[in-house]
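Protein chains: 4
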Amino acid sequence: MSSIYGKNIKVTIFGQSHSKAIGVSIEGLPAGIKIDMEELEAFMQRRAPGQGPFTTQRKESDRPEILSGLVDNVTCGAPVAAIIRNKDTRPGDYDQIRDVPRPSHADYTANIKFGGFHDYSGGGHFSGRLTAPLCIAGGLCLQLLRQKNIHIGAHIASIGNVSDTSFDPAGAEPADIELPKSKPFPVIDDARGEQMLAAINEARLAGDSLGGVIECAVVGVPAGIGDPIFDGMENCIALAVFGIPAVKGIEFGSGFAGSSLRGSANNDPFIVEENRIKTKTNNHGGILGGITTGMPVIFRVAIKPTPSIGVEQDSISYLSMENVKLSIKGRHDPCIVPRAIPCVEAAAAIAVLDRLLESSKY
Amino acid sequence: MSSIYGKNIKVTIFGQSHSKAIGVSIEGLPAGIKIDMEELEAFMQRRAPGQGPFTTQRKESDRPEILSGLVDNVTCGAPVAAIIRNKDTRPGDYDQIRDVPRPSHADYTANIKFGGFHDYSGGGHFSGRLTAPLCIAGGLCLQLLRQKNIHIGAHIASIGNVSDTSFDPAGAEPADIELPKSKPFPVIDDARGEQMLAAINEARLAGDSLGGVIECAVVGVPAGIGDPIFDGMENCIALAVFGIPAVKGIEFGSGFAGSSLRGSANNDPFIVEENRIKTKTNNHGGILGGITTGMPVIFRVAIKPTPSIGVEQDSISYLSMENVKLSIKGRHDPCIVPRAIPCVEAAAAIAVLDRLLESSKY
Amino acid sequence: MSSIYGKNIKVTIFGQSHSKAIGVSIEGLPAGIKIDMEELEAFMQRRAPGQGPFTTQRKESDRPEILSGLVDNVTCGAPVAAIIRNKDTRPGDYDQIRDVPRPSHADYTANIKFGGFHDYSGGGHFSGRLTAPLCIAGGLCLQLLRQKNIHIGAHIASIGNVSDTSFDPAGAEPADIELPKSKPFPVIDDARGEQMLAAINEARLAGDSLGGVIECAVVGVPAGIGDPIFDGMENCIALAVFGIPAVKGIEFGSGFAGSSLRGSANNDPFIVEENRIKTKTNNHGGILGGITTGMPVIFRVAIKPTPSIGVEQDSISYLSMENVKLSIKGRHDPCIVPRAIPCVEAAAAIAVLDRLLESSKY
Amino acid sequence: MSSIYGKNIKVTIFGQSHSKAIGVSIEGLPAGIKIDMEELEAFMQRRAPGQGPFTTQRKESDRPEILSGLVDNVTCGAPVAAIIRNKDTRPGDYDQIRDVPRPSHADYTANIKFGGFHDYSGGGHFSGRLTAPLCIAGGLCLQLLRQKNIHIGAHIASIGNVSDTSFDPAGAEPADIELPKSKPFPVIDDARGEQMLAAINEARLAGDSLGGVIECAVVGVPAGIGDPIFDGMENCIALAVFGIPAVKGIEFGSGFAGSSLRGSANNDPFIVEENRIKTKTNNHGGILGGITTGMPVIFRVAIKPTPSIGVEQDSISYLSMENVKLSIKGRHDPCIVPRAIPCVEAAAAIAVLDRLLESSKY
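Chains as they are written, first to last, in the numbering used here: chain A, 205 to 566; chain B, 205 to 566; chain C, 205 to 566; chain D, 205 to 566.
By construction, these hints were calculated from the structure, which means they are not laboratory data. Mixed in with the good hints, there may be bad ones.
Each pair may be met inside one copy or between any two copies, as identical chains are not told apart.
Taking lysine-lysine pairs in the BS3-like style, the calculated list, with each CA pair at most 27 Å apart, reads [to be verified]: (1) K291 x K482; (2) K529 x K482; (3) K387 x K533; (4) K385 x K238; (5) K238 x K482; (6) K482 x K224; (7) K352 x K484; (8) K211 x K352; (9) K385 x K224; (10) K533 x K224; (11) K387 x K224.
Since we're looking at a predicted model, the values are computed, not measured.
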């Protein structure tokens, strides 16, 4: 099994980069929830390609067609299924990689895993394009969560060596984390954003690419969500987020930096404020023992630089079993971090809703 | 659900820090595999408490009693179940935390999650003690993997601000990663180890604690293990590793550092050596598209400093709903990183064997 | 969760009777398997409505559109997704049941389960129409199984009080169980079939309906498939078969009749024939301890009479909370048993392939 | 996977007939539920061997030792784990079956499944003894259900050719279905019970065995429990019940008999009584579309005659690959139906509680 996520909701993703369509079925959504289709499409647009210098020029409307599960845009309890037709496909672009795998791509591993029968065009089922159905599911979950006053928002924490400012770990409000969504380039500090764009352009002109870090916050999640050991909030968010191609790391709260501190510096004291229990600081990232504390859930995700680059690289030929040179044709993002932002929000939304539904039983 | 891991094998963990016993059932192990019980016990000893200045003085033999699943130490296809009796229990030590949750512990979240009915003694089901059954399962998986020439080994990458040298990402051999296991303090560079021990002692004398980073390598895993999207090797290892208390982050290959590089610097060129396909470098950490490349799988885990410290901290009282001062009695590790090493190996072994069994079907 | 089946393959079904489309995603099919699309469509036709006096006159071509997972009709390892557009929908036919639930239908339970938000048209997600995507998945599994020389076939064992002859439990050959598939009315003894058709017509003219029993055989399955306790072949086939609406019972081998015998009469002696171990009789239905013996797997399924009938019935009105009379309009099968035959074959194929892939690991 | 059941609760069973111990872990039970240990032990006694002429003379106290999950007999949210030590083991009794499989037993299939490495003593993991941990889990679930006024009770519907009277499908009250539990021989009509006992004794004296049918009712389950298609109440109960060795069939409501009726005779009209919606009859067995209607859930289970019999049978020798004669030594039940009653109640309780916890989310 591979393309199904969740226990209380089940998100089943299907499709390849150049198959007839890509799509998703989401099972377990409560019935009677009104879905705002315009909002869903606006969310999809944040991930869609073809907008601005830092993305592939492949043109896809990415408007989901809902096949089932909604009656007059209200969930009816049946699985919500939606598809997106692949339009602007150019399989021809990929004949080359049939014999010569692209470095740091899944071409080679897919070829081994599926005995050479994998759909190699555009990365097939491994393509970043598969994050579109992920975003359909996540976009729906985000709407359900917001109806419970749970907000999820992400921004670009860094690209190359340029860093954005961070969310306030202990004090972030819904408005703070919703703000970057409204921007064409989702950062907190627009001046830093300009520097990031410059760095991306520089890389692009050099036929190269850049990676970065995404910071995501979940605000308004009640205390007590998640389970011990293997169904903890960290396990579940990590499981979902690593479903996004190019993700190579995740840390919660003070994460790796916190691991170099002493306990007295990293611990978060409990305090009572207005008869509510909170923590003074939030190095724990809103999660203790796998369960939410009611503080913002904060995590950061490492996105590797786009492996598809124009500059010549070393690779091999399956046929000749010799080393060959490769320069990748086709249309690629010099930096996929901006488009990965809604994907991270989507993955987090799916994980949080899944755990939220686990609670309050019997 | 919370304490069950896996799809092809199922590891079910049960017990609390001060319950009659803790234990595990491992289902799906192939039949006919000879288990070396002495080796399993030696592995358990690496995690066991009560050895040396950096660990709790709680005394537990931690010798697993196998209840089923083995006939003359050979797997018979039935679930392998094992338990460890809790002997040196001192529930009295924990009366205090019934009303006053320990900062950065699961006391508070467990209390909310289970409506005050949780077993608070020693952290109950959330205790690090539950990594003992995890290690029983992992120890068995390690033996099965080694019979397939797959080796898993970890070392302390850093404690506080002292760093060990790293495994050679592209060239690590079984002997290299098995070496630290033979040492009382599992590092590559013993001089650095001395400095780490000094830092731990310093913290201990100050009634404080330290965290650190663990690096783990899987050598000999064939290419083609793992699945796209949600059952990728990264997803599965992360899911298992976050089952270890105090883990707050994980990164594969070049991880967070790699996300600041350009594609041309982070990509790993394919090369043909002795008619085998390899990569020149290993920034991808042995995993592309969720599937192993045949290169060593390398990942690092962030361990937060032990939250239980002697120095006075701020917390609250459930009863009075007022801020109170807390200094923790009881026996605790000033640094759990050394004892977490076999736990990380165990979690990785469970995840790798589970994915390995997924392959080669039909 | 509700509409996903399997562990080694995952079949995800979505859609409602009158939604835009119904469909399925099948995950875990081995890569490199050639699919015969004509054969799949021929299989779908056996379930399709609008053929002959005993079926609803609703017209649906039921030709599946493959969206992904196949490249030149060969499985590529990615999920195989397919949809069928709903064309001949007449929601108007169902306004009545919004307020008045049809006796022995899911109208009432769906209304309670989903708080009145369920899609009531034609039974929504509970409709027999959802067996079309089940048959897409099952049709694919049947082809994979046949490539392993495993054949699955079913026939009408009885309708009303008319019984067909049975498969030879211990001696059924592939040809024997494939035969009924070739007939418009799938029985072994055509004379009995004529009597069954007469009984169906009689019921139809009376505005009434009939049920029946289906016998299904799996021939060629090797010994050793299935697992003890909860993943036994019986558990898994039952779980899948009860996914077909109107199924109310299942029995394996001598089943209920065998439970009245003595052990000496019901036991199946082992014998050696041509150096192969077999059983002389097959009261065990090819399964012992949940695991196949290599003898034909034989089971019978009870199908209740179609609940939708023209004759006036007693029901209630949600609005008035009073007893009311109901005579059902719309187009319905006086007997769904013939169309249920491929559904039972499909469910069995999914279960058998899922267990088959469980075996041969490590 | 094989010995784990459930989605909202997870029941993990381990052990073999002659292993050190057998046991179970139950995960997902709500916290704060008081468990009556005496009641649990009384329930276990109904399954325990060594009582009366119709059971094996093997002596086992079958008193479960709770290892974890309870604090002062109250669930704490952690998995409840319990074991039973195997005391009266006589592996010697089974040397014979190492080479000669017992007809209609799992000896042969286990041998193939596990390549000859299975634990053959007493049937190993396939033994009826494994229903003891099933009953521990089920006994706990029964207590939780009863605290929600849901009662589950079963009785012997028939043994050989002697039938008991049936529960009133539409009118059964808790007292009606609890009654048989209080009897040493659980029937409704004691006169019929005497005839059944006579038939069992007759078979026993002939060195033979008998099977039978068990009828089980669930009273008080609210309407709306269960899910469409694969998580229906029928699917889930069947999946659990086929986990009991010797079960070969299951039917709900009018079942196989109902399949020969016309719709007008089998349909259950809805009626309003005291402003509550009910059905006049209950041929649907309390389940429509996989979801409970609020009427009693009624099902019958076919139990095959005990395959272990004293009379000489034909079997084969693995070593000589020749036909041989076999008469089984050891201690066996001439009829396991009476002891299977609490097992069926247990399986039903696990399935019902699992589905009950699925509902009421978000």
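Homo-oligomer pair classification [K224, K482; C-alpha up to 27 Å]: neither (50 Å within a copy, 34 Å between copies)
Same-copy or cross-copy closeness of K291 to K482 [CA-CA at most 27 Å]: neither (50 Å within a copy, 36 Å between copies)
Intra/inter-copy verdict for K352 and K484 if alpha-carbon distance must be at most 27 Å: within (25 Å within a copy, 41 Å between copies)
Copy assignment of K211 with K352, given that the CA separation must stay at most 27 Å: Cα proximity of K211 and K352: in one copy and across copies (20 Å, 25 Å).
Homomeric proximity label, K387 with K224: Cα distance no greater than 27 Å: For K387 and K224, neither the intra-copy (32 Å) nor the inter-copy (35 Å) Cα distance is at most 27 Å.
Homo-oligomer pair classification [K482, K238; C-alpha up to 27 Å]: So K238 and K482 fail the 27 Å test inside a copy (33 Å) and across (31 Å) alike.
Homo-oligomer pair classification [K533, K387; C-alpha up to 27 Å]: neither (30 Å within a copy, 51 Å between copies)
Intra/inter-copy verdict for K385 and K238 if alpha-carbon distance must be at most 27 Å: Cα proximity of K385 and K238: one copy only (22 Å, versus 45 Å across).
Within, between, both or neither, where K529 and K482 count as close if Cα-Cα is 27 Å or less: between (57 Å within a copy, 15 Å between copies)
Intra- versus inter-copy proximity for K224 and K533 (alpha-carbon distance at most 27 Å): So K533 and K224 pass the 27 Å test inside one copy only (22 Å; across, 38 Å).
Homomeric proximity label, K385 with K224: Cα distance no greater than 27 Å: neither (30 Å within a copy, 32 Å between copies)
Checked against the numbered hints above, the structure breaks hints 1, 3, 5, 6, 9 and 11 and satisfies the rest.
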